[in-house]
Amino acid sequence: MKKIFCVGLSFLFLSMTMGCATKSENISANYVSPLQYQSYTCDQLRQELIRVKRKVLEVSGQQDHEATKDAVAFTVGMVLFWPALFFMIGKDKKAELSNLKGEYDAIENMAIQKNCELAREIQEERKKEKLTKEKKEKKQDQGSMPDAV
17 MKKIFCVGLS
27 FLFLSMTMGC
37 ATKSENISAN
47 YVSPLQYQSY
57 TCDQLRQELI
67 RVKRKVLEVS
77 GQQDHEATKD
87 AVAFTVGMVL
97 FWPALFFMIG
107 KDKKAELSNL
117 KGEYDAIENM
127 AIQKNCELAR
137 EIQEERKKEK
147 LTKEKKEKKQ
157 DQGSMPDAV
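Residues 17 to 165 in my numbering are what the sequence shown spells out, letter by letter.
It cannot be assumed that every hint is accurate.
[Stated by the list, open to error] Result set (DSBU-like, lysine-lysine): computed pairs, CA atoms no more than 30 Å apart in a straight line:
1. Lys143 to Lys71
2. Lys39 to Lys144
3. Lys71 to Lys144
4. Lys154 to Lys130
5. Lys39 to Lys146
6. Lys143 to Lys110
7. Lys117 to Lys144
8. Lys39 to Lys110
9. Lys143 to Lys154
10. Lys85 to Lys130
11. Lys130 to Lys39
It is worth saying that the hints were derived from the structure and are not from the lab. Being a predicted model, the structure only gives us computed values, none of them experimental.
Model the full assembly from the supplied sequences, consistent with the hints where possible.
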């Protein structure tokens, strides 16, 4: 009887962890057709991209907050108080964020097709972000390396 109870409890915990909110950086974009932006001018694409980017940042913040809250609730629930696991049922914004990321990609694709300056600006911004990320990782790697004797 104890084994059945333990197995059932394990499945309950596993099913609840599947409901955890995902960090925003780990959410991939849904496909959105760039054709809906075909009639936009380069300036209109820029304005739409700014709107979508603001919304992505807003929803990403909410999603990351939910992911952190879920991680804390899970830890507390597993270690101290299992009813805390019910607090993990939150406001997951995964679908909304995935769609927004897809819109961003679609606008970028249309900017590339129309040969807008916006496309080059996005590519330059991504290169800067990549370099910043690499520098940050390099500093972390250097900080975690043991000193030679």
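message: Next pair to validate is lysine 143 with lysine 110; report whether the Cα-Cα distance is within 30 Å.
response: Status holds; Cα separation ~26 Å.
Mind checking the alpha carbons of lysine 154 and lysine 130 for me, to see if they're no more than 30 Å apart? 37 Å, violated
Practice prompt. Given the hint that lysine 39 pairs with lysine 110, test it: the Cα-Cα distance must not exceed 30 Å.
Written response: 9 Å, holds
| said: Between the alpha carbons of lysine 143 and lysine 154, is the straight-line distance 30 Å or under? | reply: Cα-Cα ~16 Å, so holds.
What's the verdict on lysine 143 and lysine 71, does the C-alpha distance respect the 30 Å limit or exceed it? 22 Å, holds
query = Is lysine 85 within 30 Å of lysine 130, Cα to Cα?
reply = 42 Å, violated
Worksheet entry | 30 Å Cα cutoff - pair lysine 39, lysine 144 | 22 Å, holds
Next item on the list: With a cut-off of 30 Å on the C-alpha distance, tell me whether lysine 71 and lysine 144 pass.
Entry: Cα-Cα ~22 Å, so holds.
Taken at face value, is the distance from the CA of lysine 144 to the CA of lysine 117 at most 30 Å? 19 Å, holds
Q. Are the Cα atoms of lysine 130 and lysine 39 separated by 30 Å or less?
A. 33 Å, violated
Problem - Agreement of lysine 39 and lysine 146 with the hint, judged by alpha carbon distance not exceeding 30 Å - result: 19 Å, holds
Of the numbered hints stated above, those contradicted by the structure are hints 4, 10 and 11, listed in ascending order.
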